[in-house]
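From just these sequences and the hints, can you work out the full model?
Chains A and B are the protein sequences, given in the same order. Counting in our numbering, the first sequence runs from 249 upward without gaps. Counting in our numbering, the second sequence runs from 2 upward without gaps.
Just so you know, these hints were derived from the structure itself, not from any lab. What you were told as hints is all true, and nothing was included just to trick you.
Coverage of chain B stretches by chain A, computed from C-beta distances (three or more under 8 Å per stretch; other residues unrestricted):
{"hint": "1", "stretch": "708-715"}
{"hint": "2", "stretch": "758-770"}
{"hint": "3", "stretch": "774-782"}
Calculated Cβ distances over 12 Å to all of chain B for the following chain A residues:
{"hint": "4", "residue": "Q325"}
{"hint": "5", "residue": "H343"}
{"hint": "6", "residue": "T383"}
{"hint": "7", "residue": "P386"}
{"hint": "8", "residue": "D391"}
{"hint": "9", "residue": "L393"}
{"hint": "10", "residue": "T407"}
{"hint": "11", "residue": "V547"}
Only some residues are given here: those of chain B computed to face chain A with a beta carbon under 10 Å:
{"hint": "12", "residue": "F439"}
{"hint": "13", "residue": "T546"}
{"hint": "14", "residue": "Y601"}
{"hint": "15", "residue": "G604"}
{"hint": "16", "residue": "A605"}
{"hint": "17", "residue": "I656"}
{"hint": "18", "residue": "Y701"}
{"hint": "19", "residue": "Y705"}
{"hint": "20", "residue": "G786"}
Cβ coordinates follow ideal geometry from the N, Cα and C atoms, glycine included.
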Amino acid sequence: MKSFRFNALIHSAIALSSLLFATSCEDVIEVEVINKNPKIVVDAFVNDQRDTQTIKLTRSIGYFDSTGSEPAITNAQVAVVDQSASLPKLFVFQHTSQGKYQFVPNASNGDTFTIGHDYALLVVVGQDTLVSFSTLNPTTHIDSLRLVDVVGNGPPINTTGYYVELMAKDRKGPGDFYWIKTFRNDSFLNKIDQLNVSADMGNTSNGQDGELFIYPIRYNGVNDFLRSYKTGETVRIEIHSINAVAFAWFNLVISENQNGGLFATPPANIFTNIVSLNPNKKTALGGFFCMSAVSSLSVKIP
Amino acid sequence: MSRILLFLIVNSLFSLASAQNFTLSGYVKDSSSRETIAKAQITITVITKAYTPTELRSTTNGYGFYSITVPQGTHTVIVTAPYYGPITTSLQITNNLEYNFLMAPDVESMGAVTIRTKRNSNVKSLDISTQSINGQTIKKIPAFLGEADVIKSIQLLPGVTTVGEGASGFNVRGGSIDQNLVLMDEAPVFNSAHLFGFFSIFNPDAVKDVELVKGGIPANYGGRLSSTLDVKSKDGNKRSYQANGGVGSIFSRLTLEGPLAKPESKNLLKPRKTPAKSSFMVSGRRSYIDILAKPFLPENLSGSQFYFYDLTAKANYSYKRDNIFISTYIGDDVFKAAGLFGVKWGNSTVTTRWNHVFNKKLFSNFTYYYSRYRYNLEFTNRDVTFNWKSNIVNNSAKVDFNYFLNPKNTMAFGGQATHYRFIPGEAIATSSTLNLKFGLPDRYALENAIYISDDWNANGKFSIRAGIRLSQFIYLGPGKVYLFNREPGKQGILDSMYSTQKGEIVANYIYPEPRLGFKYQLNGSSSIKGGYNRMVQNLHLISNTAASVPFDVWQPTTNNIKPEIADQIALGYFKNFNGKHEFETSIEGYYKTLQNQVDYIDGASLLLNELLEADLLTGIGRAFGLEAYIKKSSGDLTGWISYTLSRSERKVVGINNDEWYANRFDRLHNLYVVSQYKINEKWECAANFVYSTGTPATFYTGQYTVQGYVVPDAGSNARNNVRNPAYHRLDLSVTYHRKKSKKFESNWVFSCYNVYNRRNPFSIYFATNYKGLGQNEAIRYSVIGSAIPSISYNFKF
Chain A
249 MKSFRFNALI
259 HSAIALSSLL
269 FATSCEDVIE
279 VEVINKNPKI
289 VVDAFVNDQR
299 DTQTIKLTRS
309 IGYFDSTGSE
319 PAITNAQVAV
329 VDQSASLPKL
339 FVFQHTSQGK
349 YQFVPNASNG
359 DTFTIGHDYA
369 LLVVVGQDTL
379 VSFSTLNPTT
389 HIDSLRLVDV
399 VGNGPPINTT
409 GYYVELMAKD
419 RKGPGDFYWI
429 KTFRNDSFLN
439 KIDQLNVSAD
449 MGNTSNGQDG
459 ELFIYPIRYN
469 GVNDFLRSYK
479 TGETVRIEIH
489 SINAVAFAWF
499 NLVISENQNG
509 GLFATPPANI
519 FTNIVSLNPN
529 KKTALGGFFC
539 MSAVSSLSVK
549 IP
Chain B
2 MSRILLFLIV
12 NSLFSLASAQ
22 NFTLSGYVKD
32 SSSRETIAKA
42 QITITVITKA
52 YTPTELRSTT
62 NGYGFYSITV
72 PQGTHTVIVT
82 APYYGPITTS
92 LQITNNLEYN
102 FLMAPDVESM
112 GAVTIRTKRN
122 SNVKSLDIST
132 QSINGQTIKK
142 IPAFLGEADV
152 IKSIQLLPGV
162 TTVGEGASGF
172 NVRGGSIDQN
182 LVLMDEAPVF
192 NSAHLFGFFS
202 IFNPDAVKDV
212 ELVKGGIPAN
222 YGGRLSSTLD
232 VKSKDGNKRS
242 YQANGGVGSI
252 FSRLTLEGPL
262 AKPESKNLLK
272 PRKTPAKSSF
282 MVSGRRSYID
292 ILAKPFLPEN
302 LSGSQFYFYD
312 LTAKANYSYK
322 RDNIFISTYI
332 GDDVFKAAGL
342 FGVKWGNSTV
352 TTRWNHVFNK
362 KLFSNFTYYY
372 SRYRYNLEFT
382 NRDVTFNWKS
392 NIVNNSAKVD
402 FNYFLNPKNT
412 MAFGGQATHY
422 RFIPGEAIAT
432 SSTLNLKFGL
442 PDRYALENAI
452 YISDDWNANG
462 KFSIRAGIRL
472 SQFIYLGPGK
482 VYLFNREPGK
492 QGILDSMYST
502 QKGEIVANYI
512 YPEPRLGFKY
522 QLNGSSSIKG
532 GYNRMVQNLH
542 LISNTAASVP
552 FDVWQPTTNN
562 IKPEIADQIA
572 LGYFKNFNGK
582 HEFETSIEGY
592 YKTLQNQVDY
602 IDGASLLLNE
612 LLEADLLTGI
622 GRAFGLEAYI
632 KKSSGDLTGW
642 ISYTLSRSER
652 KVVGINNDEW
662 YANRFDRLHN
672 LYVVSQYKIN
682 EKWECAANFV
692 YSTGTPATFY
702 TGQYTVQGYV
712 VPDAGSNARN
722 NVRNPAYHRL
732 DLSVTYHRKK
742 SKKFESNWVF
752 SCYNVYNRRN
762 PFSIYFATNY
772 KGLGQNEAIR
782 YSVIGSAIPS
792 ISYNFKF
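Now the structure itself:
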């Protein structure tokens, strides 16, 4: 988060200087790359809510292929194990379609995920058994969503109208990590520059703790300044608890997505927290497993 | 090593005892301005008892001082220096004699008169892998937007490469940009770039000469692995007032210089008969792109500021055996978009020097300097203003002696102590309700060195320069010390940390750095030279991009970051052709190994990261190459051709599957052609051609999606496995000299950079979800994407 804000800054500085020169240029060129060894990709973000939980298994594709064409893995066995329960409890995710494995929690018979428990992910694909671990950390609650009426008069706010300020405090004590998801009329603001993660109340765990999230997170991170909220629209914000490793992983995804230009750094491989138990076969793996608790609040624009 | 030194000393004592000798000493100076001339060679041929002629030689030091011991009698003295016409005089030596030689610049002596005296100073000098350029030459090379540039000229020399336009600094023999010690009047500068590397911070009007040492580095220099770039500013004309300036498309510059004394006549421009004891030079530049761009800016950016300036000033005073110099450099770059963000960065240095001639053989120089590099970053996000600054400040005291012991031995010895303060990042966030200070703890260090070196001319043919430098680096408190658990190639995990008191020693590194050079004179116009040097570096530029980000942070050696070490051997053959046209040629090879090179874990966070050291990896490096050079310095057509074949690689545990990979600035072939042609008194033209193999790059190969976000994937973890296309470029310029009057000279320079409109890629980067269109693309990024014509006007009176 932090580094991408600085990058954005540096990009604007260079954009300014190139404006003066008007000599720099970018053009799209044809480059051939070979995705030699497709990775098995596990997309496993599971939360404590009552709605259907999904884990998705696919294989990676070539860098220039169109996204969405990832081949699905449909013949795997997927389960999440509650390791903190007195007897380890198995939650089996059944394949539905296109590599989606789903589980419907059932509160009446205790088939739910519990805050504070340690979970393990188990995936069997062919000869590989893949595992990963995650603790379901508590999240923080949202006090209110404050509506701000702004006259947009240039950067960063270009459009006049309503914006939302997330009034929520970081949990007391260091070591809390959050993924803050904003939905406009139930559609998730999913652009990479809207990916909003927080370490305690700020961009890094540097001792700021227990107060309102800092401005870039509680305001910039939950709005699209090119599109203010209009009367009748609903805004919902969810705060998902994550952990330090997931926070680092999200930041890498952000910086790799925004890497480029004059200040490009060498492409970095984004790590995964999924490991294979098969010692002989070096199966290439990607993806992430994270258990989250969720708090949420909606507001309707008057 | 110490045995050799002892031998040299004993040997020289014996030779001292034998003769009825006198000492000839003094300065070599420019005949019109009285600027001193460094590295001038004084050669005296004496006939010994055996009636065999022997050449006695002395070379002026950095302050133009020489001393030579000669037998009684009348001798022919030949003085040569690069860019000056040689002089020949006859001197009768019956006593110790102080004598100053005055030399006229080449340009004046080059008319119809043929130069009869052969120069050959490049062949005869002990320096290997050393190149010097003077201010005049720099100005003649066609330059970007018509602005002559010191660093851009350096980039045309053999063994020097650059990543491209927009990259600051330069790479010497496979070293990274922070491995060059860039000195402005003895004080180091930490960022030599204005405007993200488009221009360098040195004003060519204020520069007397520039010397780049790439190998066989003498013992008086230390602290960086790859090279020393010694930039000397002009002292200021001691005879007449002079103004120099220019108006270009990007900036204007003005230099004033002259004697600091009561004028001899009412006409201030008339040269004095007796040069003044003191003189001054003030030189400044400022860009005005901001003023020109103002009407074209969108309204919300109208309060924006973007400019840079630099100011170089110097004054000197000479009295009998003492010379005092005070010089200063201040430069800043300012970028400010009103209400959004602002950045400012710059160097400043102050140097005071005192030269004292203890006796005819012992010359001394005492230096104190202060040097600071700082940047500020400010941005406003609604009501919150965020202000960040970072600094590196150093204070240094230094003493250097040159002891012209006898014609066979010239010694140099001295020492230096430098105190560093690093402010890696101090940030303040303020709003109506908030005042939050955070940042990283300051770091302190002390760097000491002593050195001794002897140039020993064994016989007429064989000479040796042997020296040793003992360097010490102490990482000091107060501060925080971090201890990490480390697995090779992985991010360190914080084990513990503690605070230190002021002056507490956290880490102490002492290294001997042997230096050696030799020359074997084959004949009057050819020689073989070799050199070895070990260098140790304790300041590390933390940057994982190739471009010049002014926000790059300098880190000292700590308990976690070890000193970088380089060992280099170089061997060269030098030959001059002294026919109707003079050619200097040389071919040199080098091999360099490097230790403790800094690299980064994937996704390292380099800014405001308290645990930065955990994200650093260290590895080894190697670089080798061959450099061929041919230079023509007389006649109407002058210039040089330089070709370098080179390789620079690195091996770091945790990167590229722990195998060797090419450095970001590795280029196999480098061809530079620099030429100037004088058509007549009015017209001159010049052309440059540059060709370099493309730089290496890492490409993504695959991708996948998690939670709707695209995760790009570099597959097998191969670093720098693909080559960007080659870089090549042609620049042309035409200079029109207006009719000279006695007092006023001026010229127009029409130039064109990148004449044939080549889009040289600075980098090819991969854009994930390019422009939000859902498709990944490969993007060629060219900093200069077209031909750039320009006009500038220069004057002198």
